[in-house]
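Peer 1: Protein chains in written order, with our numbering: chain G, 1 to 542; chain Y, 1 to 254.
Keep in mind the hints are simulated off the structure, nothing from the lab. Predicted, not measured: the structure shown is a model, and the values here were computed from it. Glycine included, every Cβ here is placed at the ideal spot set by N, Cα and C. One thing to keep in mind: the hints can contain errors.
Claimed, not checked - Far from chain Y, by Cβ distances over 12 Å, these chain G residues were calculated:
1) ALA10
2) TRP19
3) ASN21
4) MET88
5) LEU96
6) VAL97
7) ARG290
8) VAL291
9) PHE378
10) ILE389
11) LEU419
12) VAL505
13) GLU527
14) ALA531
15) ALA532
Said to hold, decoys possible - Distance condition first, Cα-Cα at most 25 Å in a straight line; then the derived DMTMM-like pairs of lysine to aspartate or glutamate:
16) LYS104/G / GLU78/Y
17) LYS93/G / ASP159/Y
18) LYS21/Y / ASP88/Y
19) LYS142/Y / ASP452/G
20) LYS93/G / GLU234/Y
21) LYS93/G / ASP207/Y
22) LYS135/Y / GLU525/G
23) LYS93/G / GLU165/Y
24) LYS71/Y / GLU101/G
25) LYS117/Y / GLU101/G
26) LYS179/Y / GLU234/Y
27) LYS134/Y / GLU525/G
28) LYS526/G / GLU234/Y
29) LYS134/Y / GLU527/G
30) LYS281/G / GLU139/Y
31) LYS104/G / GLU74/Y
Given next are the chains, with one letter for each unit.
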Amino acid sequence: MHLTDNQVWAIVAAQWRSWLNKGPKSAWAMWLVYLVWYGFAAMLAWLAATMLPAVKDPARLTQVVELALFGGLLYWQLIPILLASSGMALDLKRLLVYPVEPSKLFLIEVILRLSTGMEVAIVLSGVAVGLWRHPDAPWWGPLIFLPYMAFNMFLSAGIRDLLSRLMAKRGIRELVVFGIVLVSALPQLLIMMFPPERWKSQQVFGFLDRIPTLPLPWTMTARTAVGDGAWWAAIVVLSWLAAGLWFGYRQFIVGLNWDKAEVKKDEPVKVDKPGRADGLKDWVYRFPSRVLPDPLGMLVEKEFRFLSRASRFRLAFMMGFSFGLIIWFPLAFRQGREGGVVAENFLVWVSLYATLILGDVLFWNCLGFDRQAAQAYFVVPVKFSTVLIGKNLAAVFFLLLEVTLVATVCTLLQVRVTLDKVLEAFAVTLLVCLLLLAMGNLASVRYPRPSDPSSSWRNAGGGKSQFLLLVAYPLMSIPVGLAYLARYAFGTQTAFYLALAGGYVVGAITYYVAMESAVEYAGREKETMIAALSKGEGPFGG
Amino acid sequence: MNGEISAAIEIRDLRKVYGGKAAVDGLTLSVSRGSFFGFLGPNGAGKTTTIRMLMGLATPTSGEVGILGMKYPERALEIRARIGLVPDDSLLFDHLTGLEFVEFVGRMYRLPMATAKARAAELIALFELDGAKKKIIGEYSKGMRKRVAMAAALIHRPDLFLLDEPFEGVDAVGARLMKDILNEQVRRGATIFLTSHVLEVVERLCDRVAIISEGRLVVDAPMAELRTGQETLEDIFVRVVGGAARTTDTLDWL
Numbered sequence: 001m002h003l004t005d006n007q008v009w010a011i012v013a014a015q016w017r018s019w020l021n022k023g024p025k026s027a028w029a030m031w032l033v034y035l036v037w038y039g040f041a042a043m044l045a046w047l048a049a050t051m052l053p054a055v056k057d058p059a060r061l062t063q064v065v066e067l068a069l070f071g072g073l074l075y076w077q078l079i080p081i082l083l084a085s086s087g088m089a090l091d092l093k094r095l096l097v098y099p100v101e102p103s104k105l106f107l108i109e110v111i112l113r114l115s116t117g118m119e120v121a122i123v124l125s126g127v128a129v130g131l132w133r134h135p136d137a138p139w140w141g142p143l144i145f146l147p148y149m150a151f152n153m154f155l156s157a158g159i160r161d162l163l164s165r166l167m168a169k170r171g172i173r174e175l176v177v178f179g180i181v182l183v184s185a186l187p188q189l190l191i192m193m194f195p196p197e198r199w200k201s202q203q204v205f206g207f208l209d210r211i212p213t214l215p216l217p218w219t220m221t222a223r224t225a226v227g228d229g230a231w232w233a234a235i236v237v238l239s240w241l242a243a244g245l246w247f248g249y250r251q252f253i254v255g256l257n258w259d260k261a262e263v264k265k266d267e268p269v270k271v272d273k274p275g276r277a278d279g280l281k282d283w284v285y286r287f288p289s290r291v292l293p294d295p296l297g298m299l300v301e302k303e304f305r306f307l308s309r310a311s312r313f314r315l316a317f318m319m320g321f322s323f324g325l326i327i328w329f330p331l332a333f334r335q336g337r338e339g340g341v342v343a344e345n346f347l348v349w350v351s352l353y354a355t356l357i358l359g360d361v362l363f364w365n366c367l368g369f370d371r372q373a374a375q376a377y378f379v380v381p382v383k384f385s386t387v388l389i390g391k392n393l394a395a396v397f398f399l400l401l402e403v404t405l406v407a408t409v410c411t412l413l414q415v416r417v418t419l420d421k422v423l424e425a426f427a428v429t430l431l432v433c434l435l436l437l438a439m440g441n442l443a444s445v446r447y448p449r450p451s452d453p454s455s456s457w458r459n460a461g462g463g464k465s466q467f468l469l470l471v472a473y474p475l476m477s478i479p480v481g482l483a484y485l486a487r488y489a490f491g492t493q494t495a496f497y498l499a500l501a502g503g504y505v506v507g508a509i510t511y512y513v514a515m516e517s518a519v520e521y522a523g524r525e526k527e528t529m530i531a532a533l534s535k536g537e538g539p540f541g542g
Numbered sequence: 001m002n003g004e005i006s007a008a009i010e011i012r013d014l015r016k017v018y019g020g021k022a023a024v025d026g027l028t029l030s031v032s033r034g035s036f037f038g039f040l041g042p043n044g045a046g047k048t049t050t051i052r053m054l055m056g057l058a059t060p061t062s063g064e065v066g067i068l069g070m071k072y073p074e075r076a077l078e079i080r081a082r083i084g085l086v087p088d089d090s091l092l093f094d095h096l097t098g099l100e101f102v103e104f105v106g107r108m109y110r111l112p113m114a115t116a117k118a119r120a121a122e123l124i125a126l127f128e129l130d131g132a133k134k135k136i137i138g139e140y141s142k143g144m145r146k147r148v149a150m151a152a153a154l155i156h157r158p159d160l161f162l163l164d165e166p167f168e169g170v171d172a173v174g175a176r177l178m179k180d181i182l183n184e185q186v187r188r189g190a191t192i193f194l195t196s197h198v199l200e201v202v203e204r205l206c207d208r209v210a211i212i213s214e215g216r217l218v219v220d221a222p223m224a225e226l227r228t229g230q231e232t233l234e235d236i237f238v239r240v241v242g243g244a245a246r247t248t249d250t251l252d253w254l
């Protein structure tokens with residue numbers, strides 16, 4: 001039996017071929033993004049490797065390593081949840097029909113968890129090198145990072161499986177998001193209730209010193225890594241590893257036997273007797289058809305119906321005004337910071353954050369998000385520009401609704417929201433929206449990515465689109481930045497709005513040019529686009 | 001299921017309930033080994049749900065499923081190893097070429113890499129897909145996709161084929177080839193469980209037919225027995241599923 005006569009190898013090879021078959025064209029942008037992003041992680045690793053040997057105090061060294069490990073765990077486990085982005089994962093629906101042992105699929109699934117924590121692996125490598133260079137740390141110490149990494153991968157796999165199942169069911173999904181929002185907000189709320197300015201450092205450290213050292217994974221890993229002589233710390237780390245394996249594998253097995261189709265079919269469908277709420281909903285859905293001529297009216301109506309039923313959009317929309325407010329509110333209004341830039345422009349700030357969150361579903365990949373219908377747009381007798389305008393109008397509607405919700409919640413929270421500030425938030429968000437639509441239309445036709453709107457989680461985006469995001473957001477902030485600069489320089493709102501009006505002119509021209517280009521490209525490359533939006537690429541889910 | 005040679009498929013009182021509604025409702029069926037079995041029903045009758053349960057991908061609410069004398073979930077891997085599946089469209093990997101996909105499937109069935117490669121090349125040639133060697137499946141026509149799925153189902157020489165609309169979109173030449181291959185498989189002792197809406201094909205190929213409607217079995221009989229009257233299979237189908245009365249008379253504008 002040859003090493004390559006192996007199902008795991010076959011799955012990995014098939015995925016590799018799928019990537020290669022996409023052609024070298026798409027690879028350059030992906031590598032560039034990776035280079036920038038992982039280059040940043042490598043820089044942190046280099047800093048750790050060079051600075052750690054200078055830390056002479058053993059207790060301090062343990063603290064620093066502990067902090068790095070804890071930060072790594074938070075990044076690995078929490079960031080995918082906060083971004084509703086699960087990274088790469090196996091497309092189990094396509095693989096379960098073959099006689100593959102679940103343990104093999106689990107192995108691949110666990111390795112794929114590196115896709116959400118590669119940065120942590122790089123930084124921890126730097127910490128390991130730093131410890132190896134440290135005169136007092138034992139050479140074998142950093143080897144404990146390997147089980148710690150494995151523990152993180154098992155934990156991440158388990159959390160992903162668990163959340164995927166929870167988020168598939170309407171009602172429970174909303175509860176889970178609410179729970180995550182609360183948990184995320186807790187540290188912020190605590191800081192707001194007990195501002196650090198009021199802490200007395202001696203009391204705080206005295207309090208922290210009284211807390212017994214808990215056998216937490218990061219504390220025990222740090223102690224072993226710096227070689228403080230506690231052999232049992234290594235045993236504890238290995239026990240955490242075993243617990244992580246148990247949790248991850250158990251969630252994976254439950255997930256294998258879980259039938260997503262069943263959950264979807266089990267959701268109640270109200271058809272027979274529509275209530276008053278359904279009547280109102282239908283009135284909202286039909287509204288575009290009342291004010292716009294067909295086919296544009298019908299296209300916008302279709303977008304309203306489609307988006308409001310798509311799990312991923314609903315999650316992003318909800319996160320836009322809940323996460324945005326909860327994350328930024330305590331930061332902006334911490335005692336002593338009421339006059340800060342964020343506090344002064346709170347509504348604008350949160351609105352822009354919401355725009356960012358909605359970017360993937362409303363702007364950057366509007367055809368990939370709606371890929372089932374994409375082919376139909378080329379066969380119905382409707383101009384492609386009308387299709388894009390329909391999608392854009394729906395995007396503007398939902399974005400304005402988001403800003404309205406943010407403003408309403410701010411008013412309820414008694415944040416200083418004057419009419420002037422509300423107008424400013426709408427004006428700034430609309431300008432950014434206009435530029436986003438221009439670039440998003442281009443990105444949607446040039447780099448369409450198949451995406452599943454029914455899945456609350458999103459996998460990593462394509463390389464080119466990520467590259468585009470890196471370039472686009474700073475570019476789009478220029479007109480808004482200039483408007484604020486004008487207000488700062490001339491000290492009047494008139495200057496601000498005049499500069500903003502200039503931004504609108506630039507935005508309108510950009511939108512027009514981008515639309516022409518997108519339509520021309522779509523007409524020329526429709527086959528490529530449809531092929532790119534085909535159902536799935538390889539054994540790893542899309 | 002206790003006999004010396006068990007049936008290829010033995011289903012007893014199978015039920016699958018979604019949201020309070022039974023998609024499959026008390027289905028009892030036996031498909032003997034070496035038979036060419038047609039499993040028919042109108043859209044939404046429960047055919048796909050039944051196939052999902054036969055593959056062990058959906059758990060029955062109640063009832064039993066036996067495949068080649070084995071049961072889920074204990075012997076799921078052994079069962080899957082002996083099934084050749086031509087699924088609906090969604091299980092293909094669109095960014096692999098046909099050859100790469102068939103080789104991949106062979107290796108998933110634990111064929112040594114060299115064997116999987118060789119067989120994949122032979123099957124691709126047999127199904128006349130070698131002209132599109134460099135095309136990825138995403139660029140295939142519907143008929144080509146079905147042909148590549150059929151090639152993949154054959155690579156490990158299974159004992160039981162579960163075929164979901166295998167002839168959909170396939171041209172006459174391709175369909176003839178597929179029928180010849182399937183008949184050959186039956187002659188060597190394999191069992192075929194076929195769902196199709198092309199009733200003429202079912203009538204010509206199958207030796208036994210079952211029809212389900214709203215999750216319930218309404219016909220289960222040998223084809224020879226069904227053919228004794230004047231009715232065609234289409235007539236019988238329309239009669240038992242109750243869809244003959246609708247015409248376009250009520251739509252004046254049509």
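Peer 1: Which of the listed hints are broken here?
Peer 2: When the structure is compared with the hints, numbers 1, 2, 3, 5, 6, 13, 14, 15, 20, 21, 28, 30 turn out to be violated.
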